[in-house]
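First to last, the protein sequences are chains A and B. So the first sequence is residues 0 to 451, counted in numbering that gives the first Met the number 0. So the second sequence is residues 0 to 238, counted in numbering that gives the first Met the number 0.
Source of the hints: derived by calculation from the structure; they are not laboratory data. Please note that the accuracy of each hint is not assured.
[As the list claims (entries may be wrong)] Label pairs and their in silico Cβ distance ranges: (1) B:G96 <-> A:V423: 44 to 50 Å; (2) B:I214 <-> A:N450: 30 to 36 Å; (3) A:N450 <-> B:L98: 23 to 29 Å; (4) B:E144 <-> A:L434: 39 to 45 Å; (5) B:P82 <-> A:N450: 17 to 23 Å; (6) B:E144 <-> A:A3: 37 to 43 Å; (7) A:N411 <-> B:P82: 57 to 63 Å; (8) A:L434 <-> B:T48: 52 to 58 Å.
Cβ coordinates follow ideal geometry from the N, Cα and C atoms, glycine included.
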Amino acid sequence: MSLAFLAFRNMMSKPLNLLLSLLLLVLSVSLVTFVLQLSKQLSGQLDRNIAPFDMVVGAKGSPLQLVLSSVLHIDVPTGNIVMEEAGFLTKNPMVQTAIPVSYGDNYKGFRILGTQHNYLDSYQATVVEGELYTKSFEVVVGSTAAQSLDLNVGDTFMSSHGLASSGIELHEDHPYTVTGLLKPTGTVVDGLLITNLESIWEAHEHETEHGEHEAEIHKHEDEAHEHETEHGEHEAEIHKHEDEAHEHEEEHGEHEEETHKHEDEAHEHKDEREITSLLVKFKNPLAMVQLPRFINENTNMQAALPSFEVQRLMGLLGSGIKTINGIALAILLVSGLSIFISLLKTIRERKQELALLRTYGLGTSQLLWVVFLEALFLTLTGFLLGWLLGRLGIWVASYFTQASYGYNLQLNGFNLFELTLLGVALLITLIATFLASTSIFKLNISKTLSNA
Amino acid sequence: MFILGRQKYVKFLNATVLHLILFLFLHKTFNLIKTSALRFSYANESELTFPDIDLKSGEHLLVLGPSGVGKTTLLHLLAGLLPASNGLVTISDTELGSLNRKALDTFRGSHIGLIFQQYHFIKSLSVYENLRLRQSYPVKSMSRERIDELAERLGFSDNLQKKVMHLSQGQQQRLSIALGLIHKPAVVLADEPTSNLDDANCSKVIELLKEEADICKSSLVIITHDQRVTAHFKNQLTL
Numbered sequence: 000m001s002l003a004f005l006a007f008r009n010m011m012s013k014p015l016n017l018l019l020s021l022l023l024l025v026l027s028v029s030l031v032t033f034v035l036q037l038s039k040q041l042s043g044q045l046d047r048n049i050a051p052f053d054m055v056v057g058a059k060g061s062p063l064q065l066v067l068s069s070v071l072h073i074d075v076p077t078g079n080i081v082m083e084e085a086g087f088l089t090k091n092p093m094v095q096t097a098i099p100v101s102y103g104d105n106y107k108g109f110r111i112l113g114t115q116h117n118y119l120d121s122y123q124a125t126v127v128e129g130e131l132y133t134k135s136f137e138v139v140v141g142s143t144a145a146q147s148l149d150l151n152v153g154d155t156f157m158s159s160h161g162l163a164s165s166g167i168e169l170h171e172d173h174p175y176t177v178t179g180l181l182k183p184t185g186t187v188v189d190g191l192l193i194t195n196l197e198s199i200w201e202a203h204e205h206e207t208e209h210g211e212h213e214a215e216i217h218k219h220e221d222e223a224h225e226h227e228t229e230h231g232e233h234e235a236e237i238h239k240h241e242d243e244a245h246e247h248e249e250e251h252g253e254h255e256e257e258t259h260k261h262e263d264e265a266h267e268h269k270d271e272r273e274i275t276s277l278l279v280k281f282k283n284p285l286a287m288v289q290l291p292r293f294i295n296e297n298t299n300m301q302a303a304l305p306s307f308e309v310q311r312l313m314g315l316l317g318s319g320i321k322t323i324n325g326i327a328l329a330i331l332l333v334s335g336l337s338i339f340i341s342l343l344k345t346i347r348e349r350k351q352e353l354a355l356l357r358t359y360g361l362g363t364s365q366l367l368w369v370v371f372l373e374a375l376f377l378t379l380t381g382f383l384l385g386w387l388l389g390r391l392g393i394w395v396a397s398y399f400t401q402a403s404y405g406y407n408l409q410l411n412g413f414n415l416f417e418l419t420l421l422g423v424a425l426l427i428t429l430i431a432t433f434l435a436s437t438s439i440f441k442l443n444i445s446k447t448l449s450n451a
Numbered sequence: 000m001f002i003l004g005r006q007k008y009v010k011f012l013n014a015t016v017l018h019l020i021l022f023l024f025l026h027k028t029f030n031l032i033k034t035s036a037l038r039f040s041y042a043n044e045s046e047l048t049f050p051d052i053d054l055k056s057g058e059h060l061l062v063l064g065p066s067g068v069g070k071t072t073l074l075h076l077l078a079g080l081l082p083a084s085n086g087l088v089t090i091s092d093t094e095l096g097s098l099n100r101k102a103l104d105t106f107r108g109s110h111i112g113l114i115f116q117q118y119h120f121i122k123s124l125s126v127y128e129n130l131r132l133r134q135s136y137p138v139k140s141m142s143r144e145r146i147d148e149l150a151e152r153l154g155f156s157d158n159l160q161k162k163v164m165h166l167s168q169g170q171q172q173r174l175s176i177a178l179g180l181i182h183k184p185a186v187v188l189a190d191e192p193t194s195n196l197d198d199a200n201c202s203k204v205i206e207l208l209k210e211e212a213d214i215c216k217s218s219l220v221i222i223t224h225d226q227r228v229t230a231h232f233k234n235q236l237t238l
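Chain A with its partners taken away, still in its complex shape (with noise of 0.2 Å):
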């Protein structure tokens, strides 16, 4: 019979101290990996999804709810821009890209993003199955929405209006048809589906036409004022005024030839196309000091930049992350004192039996290997366990996730950090053993035997 086996024994003979080490441990090791596992791979995911980006531009509002609804696709939008004015930016010879968004429409909870194709290669998302989109109400779908929604390509589906899913307002003259499948990126794109502007745009125009068409005009007459002024701020601060007004030309025609229909409104609508942010890449770092503060001093306009708005955020979570992390921390020094207080017990109740294996013939060594084992499997066991846990709760947690916010956690395998914790909790059971063990070393048997 070997030790390892009569220290398991040993171990499963109380099966309530074992619980309560146990759990402590268990306790301590999966907070401490979910919360990390949690906070790394959502902080990875954010990186991700905001790494194409240094600047959004976007209406008014909080800038964190700009970053979180335009590039990460988790807020309301703070309202839209005329894609015209936005324009200049395109020009800007500090700007590598800037590719303009628009969205308020879902299908079952899904957003539909309206955008360029530009938009798929700034997260290298490439077609795996079908082909891009070409045509208005045309759309290709990232990886885990297909999955969920079960779309393939040919399929053809109802948006409905807003962000959120409800059966309800379903724009029912605009079926869109699926193109292609996009591979999956690990990034925003892979909830989202993905259309060209004018989809968008066409959606909500008809809306119009169908309801509050009176309404809809004495607006436009009251922006186009607005407009008129503001054009007037631009041409005094800025010198591309007779740039913009080519593009406003070449703009105008091109929508022409493409939408027949209402020729009479044509005029009216080319400035009032409207976008809901303009997601920005620049080509020289020194822009990401110039441009934003340009932009919202100067325009109605707000820029946000990303990486800052992320950081910020995460450091209002860090602070919960570290609180978890402590507490998570000194429930694990309590279980090591709790592994520790056990195993003194155990040796100062096992003394007749330990006494009794050295009659046997077993050394003084080989005593210590027996208790050492016995608080061996138990820290292995808590900490898989615990560690197991861990990767449930993120598991779970991941479904959430999913759901509210389209991000899909990974089970990963042991970490560096998670082998440090379990390096650092062998210790600590090594260290317990020895302090533990000093009644081993002075043990007298024959007293020990003689008193029962």
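Add chain B to chain A, keeping to what the hints say.
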């Protein structure tokens, strides 16, 4: 024998006789247990002095006397559980005082079988596992047959899978005897081995102890004041 030549026959005979003589010679002169001028004192207590013991293999000794004269102390001195304050204990030609702690543990484990007055077991193990553990150290000598044989003869073969604490007092005592004999030690030191046994079991135990000693050519040293035991052993020492 016809196949062997005359010469070969003589050679064979000579070899056999030689072996026999050699065996008897060694056997007779082998000092299994020998003590000289053995003394021991617990802290703050008067010193105990023990008469010299000289047992050859196969010879047994009963130790008698009123309680408190140091019978158990003598047994522990013989087992090397206590260091003598004076004098020597030699078992199988090995002087116990000359061994270091580790060597003494190993020597005791393989040469001595201890049967305690208070029974000691590993409580987390079953009866079978306790016996199995005793077979595993210090030298592995696993034998299921040996366990079954002893359990059969001591009458607890139905209880092998039970936890030791679920045995009756008598069963525990018989298990304790089995633990002292299972590894076929050269010396069996027993402290009141029959105190909790009925007559039937008592005679079973005495018979078993004697038979085991005969087979292994081992010596029994038994502390007792059980009249049922004293009748069976001539060699007695009263402290």
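Next item on the list: Check each numbered hint from earlier against the structure, then list the numbers of those it violates in ascending order.
Entry: 6, 8
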